[in-house]
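Enquirer: Put chain H on the given structure of chain S with help from the hints.
Protein sequences, first through last, are from chains S and H.
So the first sequence is numbered by numbering that gives the first Met the number 0: it starts at 0 and just counts up by one.
So the second sequence is numbered by numbering that gives the first Met the number 0: it starts at 0 and just counts up by one.
I should point out that these hints are in silico values taken from the structure, not numbers from a laboratory.
You may find that some hints are simply not true.
Stated by the list, open to error - Straight-line Cα separation of at most 27 Å, BS3-like style, residue types lysine-lysine; simulated pairs:
(1) 26(H) x 21(S)
(2) 41(S) x 35(H)
(3) 21(S) x 35(H)
(4) 25(S) x 26(H)
(5) 59(H) x 21(S)
Unchecked claim - Label pairs and their computed distance ranges (CB to CB):
(6) 55(H) x 75(S): 32 to 42 Å
(7) 85(S) x 21(H): 28 to 38 Å
(8) 4(H) x 78(S): 47 to 57 Å
(9) 80(S) x 63(H): 46 to 56 Å
(10) 70(S) x 15(H): 28 to 38 Å
(11) 83(S) x 48(H): 29 to 39 Å
(12) 41(H) x 35(S): 13 to 23 Å
(13) 55(H) x 82(S): 34 to 44 Å
(14) 55(H) x 29(S): 15 to 25 Å
Cβ atoms here follow ideal geometry from the backbone N, Cα and C, with glycine treated the same way.
What follows is the residue order along each chain.
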Amino acid sequence: MNQLANQMSDQAIATDLLLSAKEGVKNCAYALTEATSDDVRKTLNQQLQQAVIFQQKVADYMISQGYYHPYSLNEQIQVDQMTAQSVIQYSQQQQSPVFGQQPTFTQSQNMQQSYQQSPGLEEQFMQGATVTPSQAAGTNTTGAQPTASGFNNQQTQQTTAGANNQQSQGTPDINITIEDTDPTYEQSVDTDKQYYEMADELDEKLFLLPEGHEEKPSEE
Amino acid sequence: MVNQGLAVHEKAELHEMLVFKTNCLNKSQVMQNMAKDSQLKTLLQQDIQACENNIQMLQKLVNQ
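So here's chain S without its partners, still in its complex pose:
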């Protein structure tokens, strides 16, 4: 793994350098079009020439190392896909992909600290989960927005909000929190199914749906 990371880093550095060089050429050329005084024009012209030559050097280096295949699109696509794949794998090893679980950092202590110092996401998720149906119905479409960060929860909120919109006049004050109906929602395992079930339970409690209606995905 370590070796892979080392191999990766040279390619990553070269790619970043090439992107910077390209960007440098563009920035310089754009700045040159805005130049009026001779001093500025002269300086920027020099820097533009430097930037163009440097970009050429970096591109040549990348071609010689096999990172960059300008004449063969297929090869280039293969290289890029392999790179993307290994970066994704590396990234997933660095941080836990499942939302709501404690992240399992092994190497980067700094990242773990920064995660713990910023509990905003998780708190947002909790708040989103405890939005009551009456609140959701009261705020109409905007009621579903705070749950955008809690991805699985979104479905539930939209379902209840939508259902409430249909008969919001008939059901003025009903307070049912999702936390009460599901104590294990924090584990975020098989959450889709759980939230679908919860949504159906909620709808049945609100007498919005007949029992055992056909759109119940929990009975698959």
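Expert: Positioned in the frame of chain S, the structure of chain H alone reads:
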């Protein structure tokens, strides 16, 4: 052309370039320590020197 200092948009662009070059210099310096390949290290070293040079020139212009 008579030297009247810099035009506003000119100064803004130069400032933009200065920020960009500073960022490049920072990055190249960090990456030079991470790079394994000697050729890549040379390239980065060249970039660092070019960036330092460019930044000094730009600073002179911006401070005019």
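Enquirer: Which numbered conditions among the earlier hints are violated in the structure presented, ordered from lowest to highest?
Expert: Violated hints: 2, 12; rest satisfied.
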